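Chains as they are written, first to last, in UniProt numbering: chain A, 1 to 505; chain B, 1 to 376.
Check before you lean on any hint, since a few could be wrong.
Claimed, not checked - DEER-style ranges, computed between Cβ atoms:
{"#": "1", "chain 1": "B", "residue 1": "Ala-375", "chain 2": "A", "residue 2": "Glu-435", "range": "46 to 52 Å"}
{"#": "2", "chain 1": "B", "residue 1": "Ala-375", "chain 2": "A", "residue 2": "Ile-271", "range": "20 to 26 Å"}
{"#": "3", "chain 1": "A", "residue 1": "Ala-409", "chain 2": "B", "residue 2": "Glu-61", "range": "58 to 64 Å"}
{"#": "4", "chain 1": "A", "residue 1": "Asn-261", "chain 2": "B", "residue 2": "Gly-309", "range": "53 to 59 Å"}
{"#": "5", "chain 1": "B", "residue 1": "Ser-280", "chain 2": "A", "residue 2": "Ala-18", "range": "43 to 49 Å"}
{"#": "6", "chain 1": "A", "residue 1": "Glu-435", "chain 2": "B", "residue 2": "Thr-331", "range": "36 to 42 Å"}
{"#": "7", "chain 1": "B", "residue 1": "Pro-104", "chain 2": "A", "residue 2": "Pro-191", "range": "57 to 63 Å"}
{"#": "8", "chain 1": "A", "residue 1": "Ala-18", "chain 2": "B", "residue 2": "Ala-99", "range": "44 to 50 Å"}
{"#": "9", "chain 1": "B", "residue 1": "Arg-142", "chain 2": "A", "residue 2": "Lys-28", "range": "25 to 31 Å"}
{"#": "10", "chain 1": "A", "residue 1": "Gln-253", "chain 2": "B", "residue 2": "Ala-375", "range": "25 to 31 Å"}
Said to hold, decoys possible - A few chain A residues facing chain B, derived, Cβ under 10 Å:
{"#": "11", "residue": "Thr-15"}
{"#": "12", "residue": "Asn-53"}
{"#": "13", "residue": "Asp-88"}
{"#": "14", "residue": "Gly-289"}
Unchecked claim - Simulated pairs of lysine-lysine, DSSO-like, Cα-Cα distance not exceeding 30 Å:
{"#": "15", "chain 1": "A", "residue 1": "Lys-297", "chain 2": "B", "residue 2": "Lys-51"}
{"#": "16", "chain 1": "A", "residue 1": "Lys-151", "chain 2": "B", "residue 2": "Lys-95"}
{"#": "17", "chain 1": "A", "residue 1": "Lys-157", "chain 2": "B", "residue 2": "Lys-51"}
{"#": "18", "chain 1": "B", "residue 1": "Lys-149", "chain 2": "A", "residue 2": "Lys-375"}
{"#": "19", "chain 1": "A", "residue 1": "Lys-266", "chain 2": "A", "residue 2": "Lys-101"}
{"#": "20", "chain 1": "A", "residue 1": "Lys-101", "chain 2": "B", "residue 2": "Lys-95"}
{"#": "21", "chain 1": "A", "residue 1": "Lys-101", "chain 2": "A", "residue 2": "Lys-471"}
{"#": "22", "chain 1": "A", "residue 1": "Lys-151", "chain 2": "A", "residue 2": "Lys-375"}
{"#": "23", "chain 1": "B", "residue 1": "Lys-51", "chain 2": "A", "residue 2": "Lys-151"}
{"#": "24", "chain 1": "A", "residue 1": "Lys-157", "chain 2": "B", "residue 2": "Lys-149"}
{"#": "25", "chain 1": "A", "residue 1": "Lys-422", "chain 2": "A", "residue 2": "Lys-473"}
{"#": "26", "chain 1": "A", "residue 1": "Lys-101", "chain 2": "A", "residue 2": "Lys-157"}
{"#": "27", "chain 1": "A", "residue 1": "Lys-92", "chain 2": "A", "residue 2": "Lys-43"}
I should point out that these hints are in silico values taken from the structure, not numbers from a laboratory.
Since this is a predicted model, take the numbers as computed values, not measurements.
Beta carbons: idealized from backbone N, C-alpha and C, even for Gly.
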Amino acid sequence: MTPRPVATDAFPTATSRAQAETEAVLLKHIAAPDIQQDPVLDKTSHMQFLVRNLVQGFPSRYISQDASQPWLLFWTIQSFSSLQVALDPANKQRVIDKVMKWQHPDGGFGGGPGQAAHLLPTYASVCTLAVVGRSGTGGGWDQIDRAAIYKFFMSLKQNDGSFLVAHHSEVDVRGIYCLLVVATLLDILTPELVEGTAEFIASCQTYEGGFASASHPSYSLGGELLPHGPRPPLGEAHGGYTFCALASWVLLQPYLASIANDSRPKPAINIDSLLRWLVHMQGIDIELGGFKGRTNKLVDGCYSWWCGGAFSLLEALGVGGLQNAVSEEVPIDSGTPEGVWDDVDEGLLNRHALQEYVLSAGQHPAGGLRDKPPKNADAYHTHYCLSGLSSAQHHVFPSKLRRSQVEEAWEATDSHNDAMRKRCFSEILSWTEEEGGSHIIGGQNNRVNATHPVTNLTMTHTEQFVSYFYKQKVPARILRKKPTTSPASAPGPGTKDAPAATTTS
Amino acid sequence: MFDDDELLFSERPEWSDVTPLEQYENLNPLAPIFYTDEYKDATNYLRAIVKSGEKTKRVLELTENIIKQNPAHYSAWQYRYETFITLLFPSSPPKPSKALATNPMVIAELALMDELAVRFLKTYQVWHHRRLLVALTRQPRRELGFIKKSLEADAKNYHTWSYRQWTLAFFGGAGGGGGVAVESSDENDIDFEVGEDLWAGELDFVDAMLAQDIRNNSAWHHRFFVVWGCGVREGELDRERISKRELIFVKQHISFAPNNPSAWNYLRGILRHTSTPFSSVAAFAEPYTSSKESISRDNIVDLDNPRPGEGAELPCSEALEFMADVHEAKTTEEGVNSAVEIWKNLATEHDTMRKKYWEHRIRSAHRSLNTATNAA
Ligand SMILES: [Zn+2]
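Excised from the complex, chain A in its bound form (with noise of 0.2 Å):
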């Protein structure tokens, strides 16, 4: 049975002709029913359509990515990570002494050599620096001048509490999140830094419960800023800007919580109308049940990531998830032809779904992921929509158990601002894998790597990188069977075609 259209109440408009053209390209990418095969992720395909990139470089179109080269190199080496893959000690090396070339003189990173400090590549080096660096010279780590990115990020301070995403630049809050992975992975988080952000970042949820690219703020004709004048969102809700507002606002909470004694009002957003509206921005079945990026627009295959993902988020929000469900409450019985709905635990979007878009639209044939087909693929799409897919697999939630694990091993520091170090580093460390909570489509050779639901970075990746930078030990965790590892090797120009894979987790 072909799957109904979304309806258009015999009323065409721009909006329903564009949404029919894309549901009849997409019927074509639905599997027929008497096919039994589950779809494939064609990893070897996407390998060669990263190392292609990698090692041979990107073709001139990509000149409009030219102040992008930090997201151009995190986005392929991320999905070498979710891939399962990893760099051989060499390339690792040359990733690194690229990545230190963009690094700026007055603090923060570039979008290339030469070019000014910007929110946005500083999240993208550093990231990919959490991924191929190390400690020590030549490494990355030690060279990343931490308190010229501080420095740097307070120059871009607003009264509103937002940040330019650079000087002369726009503030949005992508530069937001940007700033605040960066200031929490690299331990540079203050409650100086972060006052009122809090308050911007509720400021630009809209009627409809998902989050705009910035809000306005009402000023005095003396030029205070009025705190209880209207700051409305500029621009309608959209899944981009929702994500980077909502970890934004997960990121914010050890400050938060740090402030909760005191008097001041507390800024605060509307789960219940967010929720709504995350969950609405997944397309029916003829869609596949890709995620759009706004009312009324397509289905894309990088919302797969910016809305799919959200829903971790939402957990830590006390919002879905077993840890948040109530035990006497479920299962219940609500007459289905089950009987009961007893699967609380695999979240408030259809992650079944959402797995079959990535691998039965987004995937292109020649290798790379897209947005939709007929599109090509592009290094960004092929990041975001793995991101997505290993989302929809794994169920990475905050453990509270982990969590007290975390905090129990910390070593207090004379900081003063060590209480809120400790709850950075615990709350960043508290997302936990959880066992037996995968659910992949296509079986064991589909599977990606979990990702971290805040940083976008492995697991592991996200947990090394700020346990040396916190300067603390991590416990252990209790790990499940791990795949073994072979000794590294990786692509390199000898190897373009096959490039032999290191496993990681």
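Could you slot chain B with the ligand onto chain A? The hints should help.
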């Protein structure tokens, strides 16, 4: 993109005093981009200029060249802005004023921005550079016309819409504090266009956009911004009248095309913003939950409760969801049971993709009811 006879910077005598700076010296980088000769040439000169700190007229030429090849080159934009400001205010700190609007340098820059915005609609930087300029010249009215034109090319462009909202908020937000967020600040002389009349055409503008495409969510969001988001405007002080007007508007639009989540979200948005219970609109929403055949077609036109149009595909899942919320809000066992009935319907038939969410709603409704009962 270029005239064939356009010279590389390295071929121009007036640039011969500058030594171009390669991007990666002593490094054979992974993941290189295959640059064109023109791009490599121009950016080599930009790196050299940034390093020397030169801010002269020829820098405008250089950065324009780069921006036209790569409009997302934010450093070129940033350096261009700094150079522009240095040339415009050689001896004093930058100061916004209306007089700037007749300055030839400013006129030329704005003309260039008009050209680039149309060509590179999807880059952040074109729109942000405009903001910086308009914050200096204080002439927002021209912007609204320009934006309207660019929306004809791309009716849902995020940057264009947020730029429009910025323009309105910046030059006429409640509190009237236009202009304080610019970096230069000597704001007590209010020598610029500001006022309510900047906003006078906004509702008509939204109406026109929605008439073109009733599903354009950007336009719905703009309506919310104009009517609710930005404080209360002159002539709109009677909020009860405004609420009524907006409810009639959105209901009518739902009746034209009921399966339009943008319109339902707007309805929910108004009700929540004005703390109006959903139940006040139940009589309107109910007919949209029935199957088409069961709707009686009398000829009574009820403005408060317009019926689904002829082509409506019913029941409409947004209406079902809405009615479930109405029932749940009664916080009685009966109400919750009715809501659960609808959620089950959605989960198993009308909106199966969101099954998990409807289950979640069922659980949490039961939970709140139990909590309420136990507390009583
Ligand atoms: Zn996309």
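Quick rundown of the hints versus the structure:
1. B:Ala-375 to A:Glu-435: 46 to 52 Å: Distance hint for Ala-375 (chain B), Glu-435 (chain A) is violated at roughly 36 Å.
2. B:Ala-375 to A:Ile-271: 20 to 26 Å: Holds - the Cβ-Cβ distance for Ala-375 (chain B) and Ile-271 (chain A), about 22 Å, lies within 20 to 26 Å.
3. A:Ala-409 to B:Glu-61: 58 to 64 Å: Because 59 Å falls inside the window, the suggested range holds.
4. A:Asn-261 to B:Gly-309: 53 to 59 Å: Holds, since Asn-261 (chain A) and Gly-309 (chain B) (Cβ atoms, about 56 Å apart) stay within the stated range.
5. B:Ser-280 to A:Ala-18: 43 to 49 Å: violated (35 Å)
6. A:Glu-435 to B:Thr-331: 36 to 42 Å: holds (38 Å)
7. B:Pro-104 to A:Pro-191: 57 to 63 Å: Given a distance of about 48 Å, which is not inside 57 to 63 Å, the answer is violated.
8. A:Ala-18 to B:Ala-99: 44 to 50 Å: holds (46 Å)
9. B:Arg-142 to A:Lys-28: 25 to 31 Å: violated (47 Å)
10. A:Gln-253 to B:Ala-375: 25 to 31 Å: This hint holds: roughly 28 Å between Cβ atoms.
11. Thr-15: This interface hint holds because 4 Å falls under the 10 Å limit.
12. Asn-53: Constraint on Asn-53 (chain A) satisfied, holds at 6 Å.
13. Asp-88: Given a least distance of 12 Å, the restraint on Asp-88 (chain A) is violated.
14. Gly-289: Holds, because the Cβ-Cβ distance from Gly-289 (chain A) to chain B comes to roughly 6 Å (cut-off 10 Å).
15. A:Lys-297 to B:Lys-51: violated (44 Å)
16. A:Lys-151 to B:Lys-95: holds (27 Å)
17. A:Lys-157 to B:Lys-51: holds (25 Å)
18. B:Lys-149 to A:Lys-375: Answer holds: Lys-149 (chain B) to Lys-375 (chain A) is near 28 Å, not above 30 Å.
19. A:Lys-266 to A:Lys-101: Not OK: Lys-266 (chain A) and Lys-101 (chain A) at ~41 Å, beyond 30 Å, violated.
20. A:Lys-101 to B:Lys-95: violated (36 Å)
21. A:Lys-101 to A:Lys-471: holds (26 Å)
22. A:Lys-151 to A:Lys-375: Violated. Lys-151 (chain A) to Lys-375 (chain A) sits at ~42 Å, over the 30 Å cutoff.
23. B:Lys-51 to A:Lys-151: OK: Lys-51 (chain B) and Lys-151 (chain A) at ~21 Å, within 30 Å.
24. A:Lys-157 to B:Lys-149: violated (34 Å)
25. A:Lys-422 to A:Lys-473: Roughly 12 Å between the alpha carbons, so the hint for Lys-422 (chain A) and Lys-473 (chain A) holds.
26. A:Lys-101 to A:Lys-157: Given pair Lys-101 (chain A), Lys-157 (chain A) holds - Cα atoms ~25 Å apart, limit 30 Å.
27. A:Lys-92 to A:Lys-43: holds (21 Å)
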